[in-house]
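Student: Listed below, chain by chain, are the residues.
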Amino acid sequence: MNEVLITATSSVTGLGPDLDTTWRRLLAGETAVRPIRRFDASLYPARNASWIEGLESRGNRSLLFPILERVLDGFDPLPRGCRLVTATTKGCIDTFERVRKGLPGDVADIPVSGPLTWLASRLGLNDPGVNINGACASSTMAVARAAAMIESGRADAVLVVCMDLVSEFVFSGFSSLQALDPAGCRPFDRNRNGLSLGEGGAALLMMSAETARRKGIPGIGSVVGWGAANDATHPTAPARDGCGLIQAVRRAMAKASIGPDDIAAINAHGTGTVYNDLMESTAFEAVFGSRPIPLNAIKGAIGHTLGAAGGIEVAVGLRSLADRTLPPTAGFREPMEKCVFSVSPFPQPIGGNYLLSTNSGFGGINAALILKGIPG
Amino acid sequence: MTGSVVAGIGWVTSQGPGRGREAREFSMTSGPIPPVTREDVFPEPNLRFGRLPQYSRVGLAAVAFALRDAGMEHWETKRSAGIVASTRTGCLATDIEYYDTVLPEGGGLPSPILFSCTLPTCFLGEAAIQFGLTGPTLIVNDPAEDALSGVRMALESLSWGESDTMLAGHIDLPAGPAFPGIRTPLAGGLFMVLTNARGPSAPGYGTLDLSEGGAVRHDGIEIAGLNELVRACIAFPRPS
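Going down the list, the protein sequences come from chains D and H.
Going letter by letter, the first sequence gives residues 3 to 378 in this note's numbering.
Going letter by letter, the second sequence gives residues 1320 to 1559 in this note's numbering.
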């Protein structure tokens, strides 16, 4: 079995055009959730989201492409034979909106093959790759798939690219479900009242340790465990007992051959909805008991970036392990009921090598990754 | 790579619903998909089925028929089977239906029920609930013409020990006149039950595995596309 390294990361979020800026502003406890200017949100009770400044559509094409340009700008060269796995839930949804409104737009961009083909061309890959859609756990599942491909020897190197946009399509839907917090999301807070949407992208270059060693490429961290499971209880709401997430986390720990005491920090999905955060707290307590593990969620800072969330959180998680610091949970003020974990509006120290990162989504989907830092 | 047994096959195509044990031939084309009703799928009343859009109905029906064909429809305790399906256009038809509720009122009356079905994975959640399936569930968007990436991924997951049983298939609905430039060469839904579990079960349709290069093989013979795969399976000799 091959060890799976991540050798390069890149990320664009509402907090900044690169991972360094996002990291610095996360540590400062800042948020990019602010009034939307992309469409008229005045008819909706909530009017905020985390959006990326200065995106410009070229030739009536999707805003997804300038995000991807920024994500890939200056990114490490790809090894020969590198495979591509992407993650997005709604792809070029803004193009879909334009065309449905009778405005000009390239219809070929609407199926996910549009951005896949664009990426393959931009990266000089012969194989356009595949996109994984696992709802809001899409990029976590994409990283897991890439890790399994490398571990089994099916691939030497895989580039995972994840992306999603803030759009009226998605915003109106979550608004109709009364799932948006007009005040901005407050993960794991007693007064949490819903999520804030966000947009962003990330790229993660993954390869076998042997390939990296042969090419003289240093690793940033490794993916040592992964797991996924379905609640099989409700089409949109999380299982109250956290059964699917418990199973996903246990599978990831079994894969990593580690126990609950080895996990030093948790990057939770932490959408800020009443039921998600309670479900996660319940599931983590079932797995880890009452040990007050440092736990955070970055969606109060960058919003819920949907299919991009897990990938951005891996990039941030690896930085957390390298700096031994878990970023603050923006929006958090007062601990929620029955949560034994250490959530803070301030940075928290990490006293170990393993970070658990989880995401959950519509359709009862749960996925978990265990990242391992490389001792500096 | 060790092979996985094809234990059941079910589908909804332009010719209507079907399953392996009842079929003599199979063809998935780009033709329109006839409506799927609750009576086609479930003998008993089903509160959720009637509220689902066509994409989710087709997917859920194909999963149900595949499990029925494998003798695995009924369950008492949840089981760790996963589901993976390939698609080109996903739930585009549902997206159109939902967005039409957003446009006329400028965001005033979007349908929450339709919105909750605007992910191509949503029917997988319905299937997981209906049949107690707790394994990984995902959709893979793949521009490849062979429509085999769902099957390929399921075989990989089975060979990696991620699950003992996977439902693998393909789903697409024609985009229709709203997006005339978008092609769906294989319209409808099709699932296969692939299993590594050994034990009493209905006779299978042969064994699938992957070549070194990643090609899907049926009893050792490389398969070029989904239609060819299903035809090879239903022609596979098995006890009547």
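Fair warning: there could be bad hints in the mix.
[Stated by the list, open to error] Some chain D residues close to chain H (C-beta under 7 Å, calculated; not the full set):
hint : residue
1    : Ser123
2    : Leu127
3    : Asn128
4    : Ala150
5    : Gly155
6    : Phe171
7    : Ser174
8    : Ser178
9    : Leu179
10   : Ala231
11   : Pro237
12   : Ala239
13   : Ser344
14   : Phe364
[Stated by the list, open to error] Only pairs whose alpha carbons sit at most 20 Å apart, straight line, appear in this in silico EDC-like list of lysine to aspartate or glutamate:
hint : chain 1 : residue 1 : chain 2 : residue 2
15   : D       : Lys217    : D       : Asp78
16   : D       : Lys340    : D       : Asp243
17   : D       : Lys340    : D       : Glu287
18   : D       : Lys103    : D       : Asp42
19   : D       : Lys217    : D       : Glu287
20   : D       : Lys103    : H       : Glu1416
21   : H       : Lys1397   : D       : Asp243
22   : D       : Lys217    : D       : Glu5
23   : D       : Lys103    : H       : Asp1419
Since the hints were made in silico from the structure, they are not lab data.
Note that the structure is predicted; figures quoted are calculated from it, not measured.
Beta carbons are placed, not taken as given, at the ideal position from N, Cα and C, and that holds for glycine.
Student: Work down the list of hints and note, for each, if the structure agrees.
Tutor: Hints, one by one, checked against the model:
1. Among the interface hints, the one on Ser123/D is violated; its C-beta lies about 13 Å from the nearest C-beta in chain H, farther than the 7 Å criterion.
2. Hint on Leu127/D is violated. Least Cβ distance to chain H is approximately 13 Å, over the 7 Å limit.
3. At about 13 Å, the closest approach between the beta carbon of Asn128/D and any beta carbon in chain H exceeds 7 Å, and the interface hint on this residue is violated.
4. Given hint, Ala150/D at the interface with chain H, holds; its Cβ is 5 Å from that chain's nearest Cβ, closer than 7 Å.
5. Proximity of Gly155/D to chain H is violated relative to the hint, the smallest CB-CB distance being about 10 Å (cut-off 7 Å).
6. Checking Phe171/D against chain H: minimum C-beta separation of about 6 Å stays under 7 Å; hint holds.
7. Because the closest C-beta pair between Ser174/D and chain H is about 4 Å apart, less than 7 Å, the hint holds.
8. This hint holds: Ser178/D has a C-beta 4 Å from the nearest C-beta of chain H, less than the 7 Å allowed.
9. Interface restraint check: Leu179/D against chain H, minimum CB-CB distance 5 Å, threshold 7 Å, status holds.
10. Nearest Cβ of chain H to the Cβ of Ala231/D: about 5 Å, under the 7 Å cut. The hint holds.
11. Contact between Pro237/D and chain H, as hinted, is supported at the beta carbon level, the nearest pair being about 5 Å apart and thus within 7 Å.
12. With a least beta-carbon distance of about 10 Å to chain H, the hint placing Ala239/D at the interface is violated under the 7 Å criterion.
13. The closest approach between the C-beta of Ser344/D and any C-beta of chain H is roughly 30 Å, which is over the 7 Å cut-off, so the hint fails.
14. Hint status for Phe364/D: holds, given a least beta-carbon distance of 6 Å to chain H, under 7 Å.
15. Annotation: proposed proximity of Lys217/D to Asp78/D holds, straight-line Cα distance about 13 Å (limit 20 Å).
16. Restraint check for Lys340/D and Asp243/D: the C-alpha separation of about 13 Å stays at or below 20 Å, so the hint holds.
17. With a C-alpha separation of about 10 Å, the suggested pair Lys340/D and Glu287/D falls inside the 20 Å cut-off, and the hint holds.
18. Taking the CA atoms of Lys103/D and Asp42/D, the gap is about 15 Å. The hint holds against a cut of 20 Å.
19. Proximity of Lys217/D to Glu287/D is assessed by CA-CA distance (about 42 Å); at most 20 Å being required, the pair is judged violated.
20. With a C-alpha separation of about 14 Å, the suggested pairing of Lys103/D with Glu1416/H holds against the 20 Å cut-off.
21. With a C-alpha separation of about 15 Å, the suggested pairing of Lys1397/H with Asp243/D holds against the 20 Å cut-off.
22. Taking the CA atoms of Lys217/D and Glu5/D, the gap is about 15 Å. The hint holds against a cut of 20 Å.
23. As the CA atoms of Lys103/D and Asp1419/H are separated by approximately 10 Å, the hinted pair is consistent with the 20 Å bound.
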